[in-house]
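Colleague: Keeping the supplied structure of chain C fixed, place chain E upon it in accordance with the hints.
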Amino acid sequence: MAAVIKLENIHKTYHTGEVDVLAVRGVSLEIGQGEFVAIMGASGSGKSTMMNIIGCLDRPTEGRYFLDGTDVSHLDRDELAAIRNKKLGFVFQGFNLLSRTSALENVELPLLYTHDHVTADMQRERAVHALEIVGLADRADHHPNQLSGGQQQRVAIARALVNSPSVLLADEPTGNLDTRTSAEVMGVFQKLNDEGITIVMVTHELDIASYTKRNVIMRDGVVVNDALVEHRAIAEVELRKLQQAHQAVKLSS
Amino acid sequence: MRITATFRMALRALRRNKMRSTLTALGIIIGVGAVIAMVGIGNGAKSQVEAQIASLGQNVILVFAGNWSSGGVRGGWGSAGTMRVEDAEAIAREIPGVIAVSPEVRDHQQVLANGLNWYTQILGEGPEYLDIRDWPLEEGAMFTDQDVRGTAKVCIVGKTIVNQLFPNEDPVGKVVIIRNIPFKILGVLVPKGLSVMNTDQDDVIIIPYTSEMKRVSKRTNLNAIIVQAASPDVSDRVQRDMSDLLRQRHRLGPDRDDDFTIRGQQEIADAATATTRIMTVLLGSIASVSLIVGGIGIMNIMLVSVTERTREIGIRMAVGAHGRDILLQFLIEAITLSSVGGLIGIIVGVGSAELLATWKQWPMLISISSVVLAFLFSAAVGVFFGFYPARKASRLDPIDALRYE
Numbered sequence: 001m002a003a004v005i006k007l008e009n010i011h012k013t014y015h016t017g018e019v020d021v022l023a024v025r026g027v028s029l030e031i032g033q034g035e036f037v038a039i040m041g042a043s044g045s046g047k048s049t050m051m052n053i054i055g056c057l058d059r060p061t062e063g064r065y066f067l068d069g070t071d072v073s074h075l076d077r078d079e080l081a082a083i084r085n086k087k088l089g090f091v092f093q094g095f096n097l098l099s100r101t102s103a104l105e106n107v108e109l110p111l112l113y114t115h116d117h118v119t120a121d122m123q124r125e126r127a128v129h130a131l132e133i134v135g136l137a138d139r140a141d142h143h144p145n146q147l148s149g150g151q152q153q154r155v156a157i158a159r160a161l162v163n164s165p166s167v168l169l170a171d172e173p174t175g176n177l178d179t180r181t182s183a184e185v186m187g188v189f190q191k192l193n194d195e196g197i198t199i200v201m202v203t204h205e206l207d208i209a210s211y212t213k214r215n216v217i218m219r220d221g222v223v224v225n226d227a228l229v230e231h232r233a234i235a236e237v238e239l240r241k242l243q244q245a246h247q248a249v250k251l252s253s
Numbered sequence: 001m002r003i004t005a006t007f008r009m010a011l012r013a014l015r016r017n018k019m020r021s022t023l024t025a026l027g028i029i030i031g032v033g034a035v036i037a038m039v040g041i042g043n044g045a046k047s048q049v050e051a052q053i054a055s056l057g058q059n060v061i062l063v064f065a066g067n068w069s070s071g072g073v074r075g076g077w078g079s080a081g082t083m084r085v086e087d088a089e090a091i092a093r094e095i096p097g098v099i100a101v102s103p104e105v106r107d108h109q110q111v112l113a114n115g116l117n118w119y120t121q122i123l124g125e126g127p128e129y130l131d132i133r134d135w136p137l138e139e140g141a142m143f144t145d146q147d148v149r150g151t152a153k154v155c156i157v158g159k160t161i162v163n164q165l166f167p168n169e170d171p172v173g174k175v176v177i178i179r180n181i182p183f184k185i186l187g188v189l190v191p192k193g194l195s196v197m198n199t200d201q202d203d204v205i206i207i208p209y210t211s212e213m214k215r216v217s218k219r220t221n222l223n224a225i226i227v228q229a230a231s232p233d234v235s236d237r238v239q240r241d242m243s244d245l246l247r248q249r250h251r252l253g254p255d256r257d258d259d260f261t262i263r264g265q266q267e268i269a270d271a272a273t274a275t276t277r278i279m280t281v282l283l284g285s286i287a288s289v290s291l292i293v294g295g296i297g298i299m300n301i302m303l304v305s306v307t308e309r310t311r312e313i314g315i316r317m318a319v320g321a322h323g324r325d326i327l328l329q330f331l332i333e334a335i336t337l338s339s340v341g342g343l344i345g346i347i348v349g350v351g352s353a354e355l356l357a358t359w360k361q362w363p364m365l366i367s368i369s370s371v372v373l374a375f376l377f378s379a380a381v382g383v384f385f386g387f388y389p390a391r392k393a394s395r396l397d398p399i400d401a402l403r404y405e
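Note that the protein sequences, when read in sequence, are chains C and E.
Take 1 as the starting number for the first sequence in the numbering used here and just add one per residue.
Take 1 as the starting number for the second sequence in the numbering used here and just add one per residue.
If you are wondering where the hints come from, they were derived from the structure by calculation, not from laboratory data.
Here are some of the chain E residues that sit facing chain C, going by a computed Cβ distance under 7 angstroms:
| hint | residue |
| --- | --- |
| 1 | A5 |
| 2 | R16 |
| 3 | A318 |
| 4 | V319 |
| 5 | G320 |
| 6 | H322 |
| 7 | P398 |
Computed, partial: chain E to chain C, Cβ under 8 angstroms:
| hint | residue |
| --- | --- |
| 8 | R311 |
| 9 | G323 |
| 10 | D325 |
| 11 | I399 |
| 12 | L402 |
Everything numeric in this text was worked out from a predicted model, so none of it was measured.
Every residue, glycine too, gets a C-beta built ideally from N, C-alpha and C.
Chain C on its own, in the form it takes in the complex (with noise of 0.2 angstroms):
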């Protein structure tokens, strides 16, 4: 299987006031189409600078990066915005989705700095289908504040597929929501990973690690451990327990 995303030896180095502090020291990954990998790692880990570096927001200080097959680490700033326009789909802790602004026009926004025409029709259209995807397209016209945490979260995810990116990358998805909206979008991204999207995520919490098929540790800017997930966490029977759970709470009292 292509590697989608080759790190070859990343370090990164931030100079800040009179100490360098070494946020990643060689790190060397390969992440094939298809996986879905949990990058892990208590904060100072290096978990965050790896993501940006992933997700090409910045630069690595030595190494090299290929996304695709093209080196992507001497790039300059407008580059690596076309990059992420492209090739890179984000999902973040705190959904970072435009205020006043409906689901629809806020998953359009990456077409509109697409360089390829597309049209106001062909942006509604995949903007549409991307919601359709997270099944939210009836909430379309719905802002962000008439949405829950969870529906934020999926409207963020419709966002971060429109452009059909090659890997979509989410950091803490579910940092901001309860177990069971945990689930529901841990659900949605085991369903799009199903369909064959490569998906890299980091986050501190073992539960929703178990939900990918490959782990990541890191610690202290390296990589401590990689292996493959064996008790995979199933999305819809994790939400049946909770359910279950719900339920004799409710009996119980």
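Modeller: Leaving out everything else, chain E in the frame of chain C:
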């Protein structure tokens, strides 16, 4: 990114903060409105003065009698008493490029007619006076050379005289009594309005200068000689020649000052328009200051807006917006604010100018060019003051912007 989409986004952002956008635009509205109204007032005053100067006639040169001084006591203009009818005749005869000359004597008299009386200016002039001043008669005819030679008791009256002494009748053929001498009215002048000095030019009775000197004021010297040059090109030379001729005729040695003053029309015009030009510049620059203050208001609000929307900028950059897309978005917001303000300002400016024109009776002149210029300037204010905040936004780091709380 497409411009139309950017425009829509900018407009939406402005609509979201209606109050803020309105107040920001208000700065520009007041600025542009003030510039248009003030420049309109200035230009109106200038055109009025220019019209008054044109009412002097074409290529007119005035030769005033100078002042007399003896033992430190100095008389006023014309006191020298050295300007003679012969001087006027010599100018007409000897200086090339002079096409008409009218000797002038001025006096004020209480005049009677029709059982009414009125204190007015009496002008003694030559028959070519009305041609020089480009001043047509409403009815009747001008007195002739023969009337001048014969010191005839005839006159031409201005419109104010008609209104005061002959309110309900045709004055031509009637008689006015000046210093107990009856003068027959030959014609009535077309009204000319106020002069450069703001005096009523129609409050006048014109009689032959010979009649004035011999019958009314009984004197031998002139107040002035009014000369018309053939063209503006010869005007300067005619003025020099007249100066030489008069110095020679008055036997003024090289150590003596002129006993006359020569004023070309251009000098009079320059002096008169200088004040209004200064006024226009002054009013315009004060108004421009308010436009600049409006621009600073835009810059201020755009800076606040960029800070408030740091996260939005981060999101846009994360999904692929280039720096220039962000720059354009904020720049368009600023330009929209300033140019919409500019358009409303034009309406406000023209409206308040019209209001002042009708209410205060001020002359107002709003040219298309000043309106277009004010609008372009307001748009430029948007570009100038919007650029810094927009560039600041476009240079944000997407990682920091996304984390901004």
